[in-house]
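Participant: Make a model of the complete structure from these sequences and hints.
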Amino acid sequence: MYKIRRYLLCLSFIGWFASALAPALADKEELVIGITQFPSSFHPNINSMLAGSYIHAMTARPFTTYDKDWKLICLLCVQLPTIENGLAKIEHGPSGRDGIAVTYRIQPNATWGDGVPVSTKDVEFTWRVGRHPQSGVINIEFYRSLYKIDVIDSKTFTMHFDKVSFDFNAINDFQLIPAHVDAKNFDDPATYRNRTAFNTTPLNKALYFGPYVISQIVAGTSVVLQPNPTWYGKKPVFRKIIVRVIENTAALEANLLSGGIDMIAGEMGLDINQTISFEKRHGDDFNIIYQPGLIYEHADLNLDNPILRDISVRRALLYALNRSAISERLFNGRQPVADSSVSPLDSVFAKDLKGYSYDPKRAAELLVEAGWDRLKGGYRYNQAGEKLSLQIMTTAGNRTRELVEQILQSQWKAVGIDISIKNQPARVFFGQTVTRRTFSGLAMFAWLSSPENVPRTILHSSNIPTEENNYAGQNYTGFHNTEMDQLIDRIEVELDREKRRNLWHRLQEIYISDVPVIPLYFQAQSFILPKWLQGVQPTGHMYPTTLWVENWRVGND
Amino acid sequence: MVQFFTSRLLQSVTILTIMSFVIFVLMGWMPGDPIDLMIASNPKMTPAGAAHLRDLYGVDKPIIERYLNWLLSALRGDFGYSRLHSRPVLDVMFPALQNTLVLLGCSFVLALSIGLPLGIFAASRPYSKFDYCINLLAFAGISIPPFWLALLLIIVFAVLLGVLPAGGLGVHSGAGGIWENLRFLILPVASLTIASVGSHTRYMRSAMIETLRQDYIRTARAKGLSHRQVLLLHALRNAMIPVATVVALDFGSLFSGALITETIFAYPGMGKLIFDAVMGNDFNLALVSLLFATVMTLSGNFLADISYVWLDPRLSYHRSDQK
Chain A
679 MYKIRRYLLC
689 LSFIGWFASA
699 LAPALADKEE
709 LVIGITQFPS
719 SFHPNINSML
729 AGSYIHAMTA
739 RPFTTYDKDW
749 KLICLLCVQL
759 PTIENGLAKI
769 EHGPSGRDGI
779 AVTYRIQPNA
789 TWGDGVPVST
799 KDVEFTWRVG
809 RHPQSGVINI
819 EFYRSLYKID
829 VIDSKTFTMH
839 FDKVSFDFNA
849 INDFQLIPAH
859 VDAKNFDDPA
869 TYRNRTAFNT
879 TPLNKALYFG
889 PYVISQIVAG
899 TSVVLQPNPT
909 WYGKKPVFRK
919 IIVRVIENTA
929 ALEANLLSGG
939 IDMIAGEMGL
949 DINQTISFEK
959 RHGDDFNIIY
969 QPGLIYEHAD
979 LNLDNPILRD
989 ISVRRALLYA
999 LNRSAISERL
1009 FNGRQPVADS
1019 SVSPLDSVFA
1029 KDLKGYSYDP
1039 KRAAELLVEA
1049 GWDRLKGGYR
1059 YNQAGEKLSL
1069 QIMTTAGNRT
1079 RELVEQILQS
1089 QWKAVGIDIS
1099 IKNQPARVFF
1109 GQTVTRRTFS
1119 GLAMFAWLSS
1129 PENVPRTILH
1139 SSNIPTEENN
1149 YAGQNYTGFH
1159 NTEMDQLIDR
1169 IEVELDREKR
1179 RNLWHRLQEI
1189 YISDVPVIPL
1199 YFQAQSFILP
1209 KWLQGVQPTG
1219 HMYPTTLWVE
1229 NWRVGND
Chain B
376 MVQFFTSRLL
386 QSVTILTIMS
396 FVIFVLMGWM
406 PGDPIDLMIA
416 SNPKMTPAGA
426 AHLRDLYGVD
436 KPIIERYLNW
446 LLSALRGDFG
456 YSRLHSRPVL
466 DVMFPALQNT
476 LVLLGCSFVL
486 ALSIGLPLGI
496 FAASRPYSKF
506 DYCINLLAFA
516 GISIPPFWLA
526 LLLIIVFAVL
536 LGVLPAGGLG
546 VHSGAGGIWE
556 NLRFLILPVA
566 SLTIASVGSH
576 TRYMRSAMIE
586 TLRQDYIRTA
596 RAKGLSHRQV
606 LLLHALRNAM
616 IPVATVVALD
626 FGSLFSGALI
636 TETIFAYPGM
646 GKLIFDAVMG
656 NDFNLALVSL
666 LFATVMTLSG
676 NFLADISYVW
686 LDPRLSYHRS
696 DQK
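As they're listed, the protein sequences go chains A and B.
The numbering of the first sequence is my numbering, which starts it at 679 and goes up by one.
The numbering of the second sequence is my numbering, which starts it at 376 and goes up by one.
Treat the hints as calculated values from the structure; they're not laboratory data.
Worth double-checking, as some hints may not be accurate.
When the alpha-carbon atoms are kept at most 20 Å apart in a straight line, the in silico EDC-like pairs for lysine to aspartate or glutamate are as follows [what the hints assert, rightly or not]:
hint : chain 1 : residue 1 : chain 2 : residue 2
1    : A       : 1177      : A       : 1163
2    : A       : 883       : A       : 1228
3    : A       : 1039      : A       : 1051
4    : B       : 436       : A       : 1145
5    : A       : 913       : A       : 1228
6    : B       : 436       : A       : 1146
7    : A       : 918       : B       : 555
8    : A       : 918       : A       : 792
9    : A       : 1177      : A       : 1030
Facilitator: Okay, structure coming up:
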């Protein structure tokens, strides 16, 4: 009897303990988002991290951005300036060449969190900060080109750029800073990046004018956002949004399953393989969205390597790869095969151009033409007895890349190319090997870009990193093509959409024909959302879903 | 005594100066710089823009010049700003330090209060079934990889049972806040404690067994003292001398954090802070955090030296007094 009583007592204690530990049921007025990165700064123009953009998009709005269909739209501005509507006018720039004047009007009801209207004073102050060489603003080229701002009234202003570029009205990265809060911190521009209110008092609601304001920050762990009472747009549904940072993706997944977080953001969450594996196990409990985007996975070729200098070898390398099978088997077909750096979702993508389909026979023929005609032990040799041997490198520890790398190695081996793998930690790979072009053969990594992003930094010959230019530029392949240089120069300034499309067509043609790079696939972002959350619309580009957070809602439709 | 303290202080200052230089130079030799990270995340950054930012952040200056600038500022009490967090270094470091002290302090106290009695108990019945059981558990604790244990705890208690949060930091306030915040600590503390109980038990057990073999213990038993008296009054104090060294080293690690546990449980402590600072080329933060951890390790050793004298009065602070 005593034993039974003791047993029951133990059971009731365990029951009480478990109930005391169990968290309350999730409140649907609260949304907890899991991401893998904590922003280094909450200043929108100094921060360069995606985590910063992701959170800032809930607390403010850029004048313009690309929407989910990759069309340029106004967010903080009232009307998109164009030559046709007269809000953009070609004029003479200060250097005598053509510049452009672009007029914007701020949303009339836009108000900072403390009730002060968003005005042209903020526009002028933001510009002043951006122009100053010591302010630490990232997008230096934009501010260098924006040489003057004319204030028309408290809500209207004209920007003067010293050059005419096709995307003259896309001022997506011109993020306003409140003059009435932060101007005093700019007295000493050299220390501004440390003294800005975004870093010293980030909970000050006067820093924000978006649907939410930041109400709590636990460094490295979480950011809590609450609705901004002065927000001029559609009222957001969630009374509280918590962005929790969990860097370890296994722990991120465990937190989702345990209810610690409600969703995993596609912008900074699980990689595609982890999501596919997660979907197999728990796909019925969540909405999983795959959004192909603008992260272009590829292998740069070092064109200084005598083997790779031969265009036949470069083409053979592509013919030997069954990239469709890689995409299908590894990624369930979720990551589309790339034929160039232009995404199939981009408006300037050339649909009629054919890339390289899997044709090992043609690959072998090309290698023979290139002089690699002797087969010994399964590998090719030239007449001098040299082995067709190349080295591929990527970031060590990136499981997806390492897996793809092994498949590439085996497919190239099938046509007689000896590929050795030498991976390095990301810090070494990007910090030295790629930036200083010390990789001997292939370097596999990804480029992040925006819609209709002109590849000046990666394909123009003036951007080849060398010791003489202190390794400036990102043309790591060493690609030099005069026509390509001219096309890049012309695309940047061509305002006529159709003419520009033709130039883009030719650019992609050269890219496919010259093979400076082995294109692999476009990475897909994977969003894992609770069934009850609606309205999240992945963009696939660098501008995050949170720019439309006020459309997120609870529902089952 | 004064001579002992002065000598240790001078040694510590020398070690710290050398350490600061070595850390600075090693970080400077690492490939890449912070601007590389910015380039990777900004497709529109031009070479001129990157060069301008390198100049602005001073990462293009010679390493010795940068070290001397840092040293001069540090001597004036200005430890600079953290580049990764855009805040003064000390403002970034102290909250992380506080979190680490709570996490590792709880685990340290728990591990000692479980490990030492278990070790003593096992040593008092060597090669018994109980001893074998404790040894088995101790070896299991030592051998289990921390990341695996942490994930196992998360899967069992957070995912399957759903009774504890899978990670993070409790930031609740008010009446129920303390309990809510403690819930976040249970799994990481358990993970760290399980890993260190094993080693404490093993150290204590072997030190105790060694002590129990001594002649003076045999004499104490011959005098008719009880087993408990022999164990706790005669053997324990002497057995604690080697254990004190291990505990002192553990004390130092209280301030440098537990990287793997902190990462898996998304706990913002010193381990993660130092790792991110080193990898992110945040010289100011990495240096101050590592030097602080060094100071604490030196202090731990210093406390261990003092505890030796307390545990064994035959030892002295003066070398000439030692026989």
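Participant: Could you tell me which of the numbered hints above are not met by this structure, giving the numbers in increasing order?
Facilitator: none
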